[in-house]
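Q: From first to last, the protein sequence lines are chains F and L. Position one of the first sequence corresponds to residue 840 (our numbering), numbered consecutively onward. Position one of the second sequence corresponds to residue 49 (our numbering), numbered consecutively onward.
None of these hints come from the bench; they were simulated from the model.
Think about it this way: if two alpha-carbon atoms lie no more than 20 Å apart in a straight line, the pair counts; the simulated SDA-like pairs of lysine to any residue are:
{"no.": "1", "chain 1": "F", "residue 1": "1287", "chain 2": "F", "residue 2": "1250"}
{"no.": "2", "chain 1": "F", "residue 1": "1028", "chain 2": "L", "residue 2": "133"}
{"no.": "3", "chain 1": "F", "residue 1": "920", "chain 2": "L", "residue 2": "49"}
{"no.": "4", "chain 1": "F", "residue 1": "897", "chain 2": "L", "residue 2": "60"}
{"no.": "5", "chain 1": "F", "residue 1": "915", "chain 2": "L", "residue 2": "200"}
{"no.": "6", "chain 1": "F", "residue 1": "1082", "chain 2": "L", "residue 2": "198"}
{"no.": "7", "chain 1": "F", "residue 1": "1270", "chain 2": "F", "residue 2": "856"}
{"no.": "8", "chain 1": "L", "residue 1": "87", "chain 2": "L", "residue 2": "98"}
{"no.": "9", "chain 1": "L", "residue 1": "67", "chain 2": "F", "residue 2": "1080"}
{"no.": "10", "chain 1": "L", "residue 1": "93", "chain 2": "F", "residue 2": "1097"}
{"no.": "11", "chain 1": "L", "residue 1": "67", "chain 2": "F", "residue 2": "893"}
{"no.": "12", "chain 1": "F", "residue 1": "875", "chain 2": "L", "residue 2": "75"}
{"no.": "13", "chain 1": "F", "residue 1": "1202", "chain 2": "L", "residue 2": "68"}
{"no.": "14", "chain 1": "F", "residue 1": "920", "chain 2": "L", "residue 2": "60"}
{"no.": "15", "chain 1": "F", "residue 1": "857", "chain 2": "F", "residue 2": "995"}
{"no.": "16", "chain 1": "F", "residue 1": "994", "chain 2": "F", "residue 2": "865"}
{"no.": "17", "chain 1": "F", "residue 1": "1004", "chain 2": "F", "residue 2": "1019"}
{"no.": "18", "chain 1": "F", "residue 1": "1288", "chain 2": "F", "residue 2": "1246"}
{"no.": "19", "chain 1": "L", "residue 1": "67", "chain 2": "F", "residue 2": "1204"}
{"no.": "20", "chain 1": "L", "residue 1": "108", "chain 2": "L", "residue 2": "120"}
{"no.": "21", "chain 1": "L", "residue 1": "67", "chain 2": "F", "residue 2": "1135"}
{"no.": "22", "chain 1": "F", "residue 1": "915", "chain 2": "L", "residue 2": "54"}
{"no.": "23", "chain 1": "F", "residue 1": "1082", "chain 2": "L", "residue 2": "200"}
{"no.": "24", "chain 1": "F", "residue 1": "1243", "chain 2": "F", "residue 2": "1276"}
{"no.": "25", "chain 1": "L", "residue 1": "76", "chain 2": "F", "residue 2": "882"}
{"no.": "26", "chain 1": "F", "residue 1": "1133", "chain 2": "F", "residue 2": "1213"}
{"no.": "27", "chain 1": "F", "residue 1": "1133", "chain 2": "F", "residue 2": "1196"}
{"no.": "28", "chain 1": "F", "residue 1": "920", "chain 2": "L", "residue 2": "54"}
{"no.": "29", "chain 1": "F", "residue 1": "897", "chain 2": "L", "residue 2": "63"}
{"no.": "30", "chain 1": "L", "residue 1": "93", "chain 2": "F", "residue 2": "1014"}
{"no.": "31", "chain 1": "L", "residue 1": "67", "chain 2": "F", "residue 2": "903"}
{"no.": "32", "chain 1": "F", "residue 1": "1033", "chain 2": "L", "residue 2": "136"}
{"no.": "33", "chain 1": "F", "residue 1": "897", "chain 2": "L", "residue 2": "69"}
{"no.": "34", "chain 1": "L", "residue 1": "227", "chain 2": "F", "residue 2": "1022"}
{"no.": "35", "chain 1": "F", "residue 1": "1082", "chain 2": "L", "residue 2": "147"}
{"no.": "36", "chain 1": "F", "residue 1": "911", "chain 2": "L", "residue 2": "198"}
{"no.": "37", "chain 1": "F", "residue 1": "1028", "chain 2": "F", "residue 2": "964"}
{"no.": "38", "chain 1": "F", "residue 1": "855", "chain 2": "L", "residue 2": "217"}
{"no.": "39", "chain 1": "L", "residue 1": "67", "chain 2": "F", "residue 2": "1131"}
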Amino acid sequence: MSHPQAAGEFLKDQAKAKWHDETLWFVRDKRDRISKTIPEWEDLRELASQIKDHVLSKLDSYLEEFERNAQKNGIKIHWAKDAEEHNQIVLSILQEQNCTAIVKSKSILTEECHLNPFLEKNGIEVVDTDLGERIVQFLNQPPSHIVLPAIHLKKGEISELFHEKLQTEKGNEDPAYLTHAARLHLREKFLSAKVAITGVNFGVAETGEFVVCTNEGNADMGVHLAQVHIACMGIEKIIPRRKDLGVFLRLLARSATGQPVTNYNSHFRSPSAGKEIHLILVDNGRTAQLAREKFRNSLKCIRCGACMNTCPIYRRSGGYSYGSTVPGPIGSILSPGLDMKKYSTLPFASTLCGSCSDVCPVKINIHEQLYEWRQEITKTHGELGKNLSMKLASGIFKSPLAYKLSGSLMRSALKTLPKSLIYHPINSWGKGRNLPETPQESFKDWYKKNRK
Amino acid sequence: MSSRESILQAIRSIPRAEKILPDTPDFKSQGELGVLFTKALEANKAEVMDRTQFEEWMEKNQSTRVFSYSEDFQKYSSVILPEDPHELENLQLAILEGQFGVAENGAIWLEDKELPHRAIPFITEHLVIVLNKTNLVDTMHQAYQQIGANHSGFGVFIAGPSKTADIEQSLVIGAHGAKSLRVVMI
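Start from the sequences, fold in the hints, and give me the full structure.
A: Structural data, given as structure tokens:
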């Protein structure tokens, strides 16, 4: 389904769409307020961007350094060129451990690899432990936002779901009550899991350690009780030195949710005695994106979600309208690299207002890359629906006489044209748009009269 | 070719000019560290107290299963450290020592040596971290200077109680980890 079609579905429930828009704007507003309390905010963004530039320019040697140091610390390193190999590695570790049930903390990478359905097909129970992720997992849905996975749901819907799945009181919509029910349910899972899976926020080449950030503490509850910790990490998550974490941890939570830092920031360097840590380094299209010079910057992303919260299209079309694991502006420049045909409408789901680039903590030029993708896609896939009217417009703008004539013609035509012609299904431009009121005279005529 | 080799090969084959690695200036926070630290913790829904306030609170507190790893407050410890952290499932209160706190965000650093089991600050129902008043730094930059190159298998910045806002963005304290955090400044 194309983005406009899927967005159309989302917009059928207008009240909910309005609420979605306002909720995300509230988060964007929190981000604005807290970033203004840091006088060196812009310097931090610039530093973060430069550190990532540097990493991408030497990614091979940093990966080797990271591997060497992690192995020295007793972490077992695996490499996966794609999603399939990643999933196989996870499965083989689970089989080695005779493990049939795992707990998992939020990891967009495992979503990208479709790990859950793969493991379930192989007889493994997978429990997502982040509250938002558990909610969407109960509904057999993927997360609709990378930081706020259940942001598209209202508490009434969650209350009904928990009544069915966790036998909570019918009609009790109190978030504290519902969260407590999930706590009890998930405690059992934490206490019985032999293997826990987490994502990785940052891998530090200098020390071979990796950092996982959560507010709920679910990643830690999982891994410290399990015998084996499997960490899944995209190869672009490397940073050079431990001290560089200072820059990124100051930016991450402030950009994501407007809080000064996540409540738990765990640094894993070596396993506890008698336990194991496995870390899987995953490519899955990242080296291909690295090779695309125009889109290389997209690999700097630290997955804070700020670009989604600020995007006028994302807020009004919902995460699912993008049909990709990472939705919103950043997803719209990452996904076409994975499958240009499937994701061909995403770079067009933008006003190119640049707000995404303005809030990005690592200064990715998101809106410029969206524009670049539009050109690539138009070159490859030819003309899109709006092209006929665009060509017509281009002809009119090229000739002064045509422009003048069409102006006076349109001023009278627009008043008398039947609405059915403007809001015709063939005219995709008319969908969701209103025409402006037409003035009595053209600007040129007005200027002649008033400025001579 | 192994996947390792093919990934590294793929990266090496991409022509890229080496970019500089910048160093971060020693950014400081503005204001009195103790005040900033307390304000940040309170904003994170943690409670800050002194020794007397803590002792008064402990007297009123009904917790019977308490584990203390803080030398100053050994007298409150009633649980013997088990070999298997799963047995801490019903722990009501853990008292741990923090190494230092970060004024800009209220985060407190603990490492393996402060954590006889890594699971303790997460599995306990309520958490108390004892911190020396003089062990405060400005920002995360000074925090990593303080941590330096020391090796610890596990280290964590804790900045508040476990929390979530996954249901309609309503803040709820006590998701999976500790339902409260009290920081005792001594």
